[in-house]
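Residue numbers in the sequence shown follow the working numbering, run continuously in steps of one, and reach 348 at the last position.
A hint or two may mislead.
Listed below are the simulated SDA-like cross-link pairs for lysine to any residue, each with C-alpha atoms no more than 25 Å apart in a straight line [stated by the list, open to error]:
hint, residue 1, residue 2
1, 92, 313
2, 119, 146
3, 108, 171
4, 119, 171
5, 146, 74
6, 146, 85
7, 146, 117
8, 108, 230
9, 146, 91
10, 108, 42
11, 92, 50
12, 92, 230
13, 92, 119
14, 108, 135
15, 92, 143
16, 119, 85
17, 146, 83
18, 108, 134
19, 146, 122
20, 119, 95
21, 108, 132
22, 146, 82
23, 108, 73
24, 146, 176
25, 146, 162
26, 108, 295
27, 119, 138
28, 108, 64
29, 108, 282
30, 119, 135
31, 108, 90
32, 108, 127
33, 108, 168
34, 119, 79
35, 108, 86
No lab work stands behind these hints: they were computed from the structure.
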Amino acid sequence: MTTSPTTSVEPRRTHHHHAVDRAPAPQGATGIRGVLLPVAIVLVIGSIFVSVFLAAFHAPQPHDLPVAVVGTTQRLEQITGGLELGQPGGFEVKRYTDENAARHALQDRKVYAAYVTGPGKSADLLYAGANGPSVTSTVTGAFSGVAKADGERMTVQDVVPASAGDTRGMSVFYAGFGVVLAGFLFGTMTYQMAPRLEYRWRMASLASFSVLAGAVVAVIAGSLGFAALPGPFLGIAGVIALIAAAVGSASMAFIRVFGRAGMSLAAVVLFTFGNSTSGGTLPTAYLPDWLHPFSEILPVGVGVRAVQGLSHFNNDGLTAGVVVLVAWILVAAAVLYWRDTRGASRAAVN
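Produce the entire structure from the sequences given, and follow the hints as far as they go.
Put into structure tokens, the structure is as follows:
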């Protein structure tokens, strides 16, 4: 009797593809490369940080700092010449018709001081203590020299004093520094902790972080905390939230476009150049010419000016700040959408 051979049938294996699956992470640098590469990267970033901050603050001098003069054309020329003699290139002198107009310009931060000449040998110097003691020292020193040279008696008046909780005028710098640090950390950690998170949920996470950051900083720095930023709560919280969203989304975009190098690029651009040119410690007129443009395009610079305007200077810089911050957020969100959806499409095909 013959028996027919039996055939074994292997179970069919099924393969499941998920659009969010990604290839295993590369092993990374090993050996001497693994030893030296982190050292080189960190030293380069640290050197850039030290160099940029020293360039900005090692010997700060004003460049075309706007100031007002109320008086005759002859007095304007004399005062301008005296200021130029004492500090060449330091001031941009504007003539105003009367003290009231100069006072309003100071309150709107169109100028940083106003020298009002009076009858005889008297003059009044109007300044804004909210600009910080360094600016106050600069303008009082410069105009004291002018008054002394002309034999005038100068009196001083603080038209926009600093808040009681921020006598050094540094709170907005530290608030901006902290928000940039938090935004940078959020942007880097979100891909480390949730690499497969869908785009819509990542954007929801960014929005939650930004709104909460704005509220927390406004509470801590505002009237409920240190009373350092006396502006309206919703206004301060809104601008801080926009800074957080701009920095967070930009950090994510750097990482998605440039990979591992994106973290270093984000640290240099947003953290180093951003904080050094923010205007939180000194007005941007004190920056070297090559650093000045960064204050007008990076998130923290326009955000700090908007917060200062809300707190002291009749909303100076608010409109421009909101426009620039929203532009950063929209561009970064578009880049992330393009990268994430393209990556998901490729994963689905494979």
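Hints, one by one, checked against the model:
1. Restraint check: the Cα-Cα separation between residue 92 and residue 313 comes to about 22 Å, which is no more than 25 Å; the hinted pair holds.
2. Between residue 119 and residue 146 the CA atoms are separated by roughly 10 Å; this keeps the pair inside 25 Å, and the hint holds.
3. With a CA separation close to 21 Å, the supplied pair residue 108 and residue 171 stays within the 25 Å bound.
4. Our distance criterion of 25 Å between C-alpha atoms is broken by residue 119 and residue 171, whose separation comes to about 40 Å.
5. Between residue 146 and residue 74 the alpha-carbon distance is near 16 Å, which keeps this suggested pair within the 25 Å criterion.
6. For the suggested pair residue 146 and residue 85, the alpha carbons sit about 15 Å apart, so the restraint of at most 25 Å is met.
7. Of the pairs offered as hints, the one joining residue 146 and residue 117 holds, with about 16 Å between alpha carbons and a cut-off of 25 Å not exceeded.
8. Of the pairs offered as hints, the one joining residue 108 and residue 230 holds, with about 21 Å between alpha carbons and a cut-off of 25 Å not exceeded.
9. With a C-alpha separation of about 19 Å, the suggested pairing of residue 146 with residue 91 holds against the 25 Å cut-off.
10. For the suggested pair residue 108 and residue 42, the alpha carbons sit about 38 Å apart, so the restraint of at most 25 Å is broken.
11. Between residue 92 and residue 50, the direct Cα distance comes to roughly 31 Å. Violation of the 25 Å bound is thereby established for this hinted pair.
12. Straight-line distance between C-alpha atoms of residue 92 and residue 230 comes to about 31 Å, which puts the hinted pair past the 25 Å bound.
13. Distance restraint check for residue 92 and residue 119: the Cα-Cα separation of roughly 21 Å lies within the 25 Å cut-off, and the hinted pair is therefore satisfied.
14. The hinted pair formed by residue 108 and residue 135 meets the criterion: a straight-line CA distance of about 18 Å does not exceed 25 Å.
15. For the proposed pair residue 92 and residue 143, the alpha carbon gap of about 18 Å is at most 25 Å, so the pair holds.
16. The suggested pairing of residue 119 with residue 85 holds, with an alpha-carbon distance near 23 Å, which does not exceed 25 Å.
17. Taken as a hint, the residue 146 and residue 83 pair is honoured in the structure, with Cα atoms around 13 Å apart against an allowance of 25 Å.
18. A C-alpha spacing of about 16 Å is found between residue 108 and residue 134, which places the hinted pair at or below 25 Å, so the restraint holds.
19. As the CA atoms of residue 146 and residue 122 are separated by approximately 13 Å, the hinted pair is consistent with the 25 Å bound.
20. For the proposed pair residue 119 and residue 95, the alpha carbon gap of about 19 Å is at most 25 Å, so the pair holds.
21. Using a Cα cut-off of 25 Å, the hinted pair residue 108 and residue 132 holds, with the two alpha carbons roughly 18 Å apart.
22. This hinted pair checks out: residue 146 and residue 82 have alpha carbons roughly 15 Å apart, not beyond 25 Å.
23. With a C-alpha separation of about 21 Å, the suggested pair residue 108 and residue 73 falls inside the 25 Å cut-off, and the hint holds.
24. Straight-line distance between C-alpha atoms of residue 146 and residue 176 comes to about 43 Å, which puts the hinted pair past the 25 Å bound.
25. Restraint check for residue 146 and residue 162: not satisfied, since their Cα atoms lie roughly 32 Å apart, outside the 25 Å limit.
26. Among the hinted pairs, residue 108 with residue 295 is consistent with the structure: their alpha-carbon atoms are about 20 Å apart, no more than 25 Å.
27. Proximity of residue 119 to residue 138 is assessed by CA-CA distance (about 17 Å); at most 25 Å being required, the pair is judged to hold.
28. For a cut-off of 25 Å, the pair hint linking residue 108 to residue 64 stands: about 7 Å separates their Cα positions.
29. For the hint pairing residue 108 with residue 282, the CA-to-CA distance comes to about 13 Å; that is within 25 Å, so the pair holds.
30. The straight-line distance between the Cα atoms of residue 119 and residue 135 is roughly 23 Å, inside the 25 Å bound, and the hint therefore holds.
31. Between residue 108 and residue 90 the CA atoms are separated by roughly 11 Å; this keeps the pair inside 25 Å, and the hint holds.
32. Restraint check for residue 108 and residue 127: the C-alpha separation of about 15 Å stays at or below 25 Å, so the hint holds.
33. Taking the CA atoms of residue 108 and residue 168, the gap is near 21 Å; set against the 25 Å cutoff, the hint holds.
34. For the proposed pair residue 119 and residue 79, the alpha carbon gap of about 18 Å is at most 25 Å, so the pair holds.
35. The suggested pairing of residue 108 with residue 86 holds, with an alpha-carbon distance near 21 Å, which does not exceed 25 Å.
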